[in-house]
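Novice: Below are the chains, spelled out letter by letter.
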Amino acid sequence: MRNNLFLLSIGIMSLTLSLKLVAQTDHPMHLGIFTTEQANRGEAAYRSNCASCHANDLRGNSNSPGLVGMSFLFLWEQRPLAELFNTMRVEMPTDRPGSLSTATYLDLLAFILQQNGYPAGDNGLSATIGDVPSILIVAPP
Amino acid sequence: MRTRLLPAFLCLVLSCLESIAQVSLRDAVTDELLQSPPPESWLSWRGGPDAWGYSPLDQINRDNVDELRLVWSWAMDDTGSGEAAPLVHDGIIFLPNPRGVIQALDAKTGDLLWEYRPGLTAVADEANPITADELGDSAMSATAYAGVGRGVQKNIALFSDRIFAATENASIIALDANDGTLIWEQRVADPALGYHYTAGPIVANGVLVTGITGCTRYKDDVCFITGHNPDTGEELWRTSTVARPGEPGGDSWGDLPLRFRAGGDAWVAGSYDAETNLVYWGTAQAKPWARVVRRTDGAALYTNSTLALDPDTGDMVWYYQHLPGESHDMDEVFENVLINIDGNRSLFKIGKLGILWQINRETGEYIHATDLGYQNIVDLDPDTGNVRYRDGMIPRIGEQLNMCPSTSGFKSWRAMSYAPELSLLYIPMTLNCELATFGPVEQVLGGGGEGPVRRINIPHPDAGDDLGEILAVSIPDGEVKWRYRSRPTVNTATLTTGGGLVFAGDWDRYVYALDAATGEKLWQTRVTTSAQGFPISYAVDGKQYIAIPAATSGASWASMVPRDLSPELSRPRNGNSLHVFALPD
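If you read the sequences in order, they're chains A and B. Counted the way the working numbering counts, the first sequence spans residues 984 to 1124. Counted the way the working numbering counts, the second sequence spans residues 474 to 1058.
Isolated chain A (complex conformation) (with noise of 0.2 angstroms):
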């Protein structure tokens, strides 16, 4: 009986495994969300705009979270991507809240999810991203 039940619990956790890799393989966000030239555009806005305070290399600073690896995951993983982009627009930068273009903070959020290890792809993120809170953020590939 006991002997069962840890087959069925390690049959359990395989599943639960595959599922997982196959979720997360077919993720879009694995897939390529933003092209490399969006990342590109972006990493020069975000020195002009978010640098300052999210520091250099994205690592935060003071009360700016940081905004790569376990960091960004903590506060962000199985949240909406579209809530993390309408943030952007809505809140950032703190001090000039929506002062940038939406064709920007597109760019900005293809740089942040290509620093966090996400893949680049051929379509680029475009604003209805904002409109759809069906993509959670899950842990890059």
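Treat the hints as calculated values from the structure; they're not laboratory data. Be a bit skeptical, because a hint or two may be false.
[Claimed, not checked] Derived contacts from chain A toward chain B, CB cut-off under 10 angstroms, selection only:
1. Cys1033
2. Phe1057
3. Thr1077
Keep in mind it's a predicted model, so treat the numbers as computed, not measured. Every residue gets a Cβ at the ideal spot worked out from N, C-alpha and C, and that includes glycine.
Could you slot chain B onto chain A? The hints should help.
Specialist: Quick look at chain B alone, frame taken from chain A:
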């Protein structure tokens, strides 16, 4: 005869005028002058070396302040957060702008006399300025906006015939106070490691003393305060604000190696007492903020402490750690107000928790503390000054805390002031709380930082709809004499004057004067954007002026808290400026 004398007379007059003009630009500031500043001046960032934020001038007073009107204003650079602490000497205002710009203005008329722009202004032959090539990737973009950190320039210092400032690139500079020429630039730390300055130097016994910030990352170095020769910039000493392994206090970080001992940022300028010959400087909390995240529950010396340093050697004569093992981002780094009272040579300080401390500034011994009653994180033993975290209030990773204040604090860099006539301190507060969930950091070189916090700003349960408060607190007993409350956050330091007034301003663009004895509002007007910075008072040709900065951005009080908790209020996104008021002629 008359004709022959006229040229000589004119020559004499012109010579006199020329002489006056030269003296007004070249009257050297001595140690003695800094210790006993003339009433018409504002020679140190808080007026005098004791950081009272007090002007003895009384031409503007309770009886006539309602006649106050704008004399001139000046648009400052809109390149970031303005937290300006202007200085005044011989009728000239020296004004720090964001991104390292410093201007000299005629304090009576607002005419520009000179300005220093890093990389653009003339430099002396031996100045050796930092270049963009030298900075490489650690350079801030020329168009970058100084938000809440790098690029902010709060205070500058005046000594001899020079202006001294500390830069976004972790260097200290000296300017000729006559024309703004860069005389020297001294590299202090590597900005690629995160180091930068937001607070400027003070002058103590002829030594420039400056505290660095940006000490949050894991690296093979720790935060520090330095002393420099004002003639050359040469570094005379460097005192760590973090106890190193194997040194006294080093075991207060457990077994963490040096590279994982972060924080202790010294991001607010200190005070100096010539009689004790000690510099008093605050340090910020350990990083990452939460104990569980930084992986030690030790006291983490010398973070969140007041340090007493010998300005000639940098020796730490004493320290007082206000919150050992701090765990919520509750800074105690702020201004050190030096007051002799009831026979005690005291130092008063208040941190984000809203606990007012009285320390013996000769010995560092605890005298008294008053919990002003808004925080819910610690219990204070008033007999000993010891604090104990309340049950359940030490953060755990991923568990939400309902804490008051928020990580913005009740009190921040907006300095309190002192009215010696009434023995009252005037403390600008923001009343707020937070649902905070602390998260982990990577313990690797280059990692660390404060640690992520999922934060939701919420109102304080005792504040009603009001976010702003000025507390008038009597010392040494800590009794609250009156409270001025406002819906918007109080967004400036306070200024007290011999006219019995307290000046301040709020996020909603109002600047005002309160009766220092009662808190009654006696005058107000509105400025370009949020009042923000350090109001000052000075006099030229026998006329008293009040100068109040306005600015955008400026740490979380001026951005996140108003955005979340007073969304019906709005302000322009630009408008950094200085506004100067006086009575009608």
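Novice: At a threshold of 10 angstroms, is the proposed contact between Cys1033 of chain A and chain B supported by beta-carbon distances?
Specialist: 8 angstroms, holds
Novice: Let me know if the C-beta of Thr1077 of chain A comes in closer than 10 angstroms to any C-beta of chain B, holds or violated.
Specialist: Constraint on Thr1077 of chain A satisfied, holds at 4 angstroms.
Novice: Answer holds if the nearest beta-carbon of chain B is closer than 10 angstroms to that of Phe1057 of chain A; otherwise answer violated.
Specialist: Where the cut-off is 10 angstroms and the nearest Cβ of chain B is about 3 angstroms from Phe1057 of chain A, the hint holds.
Violated hints for the displayed structure: none, as all numbered hints are satisfied.
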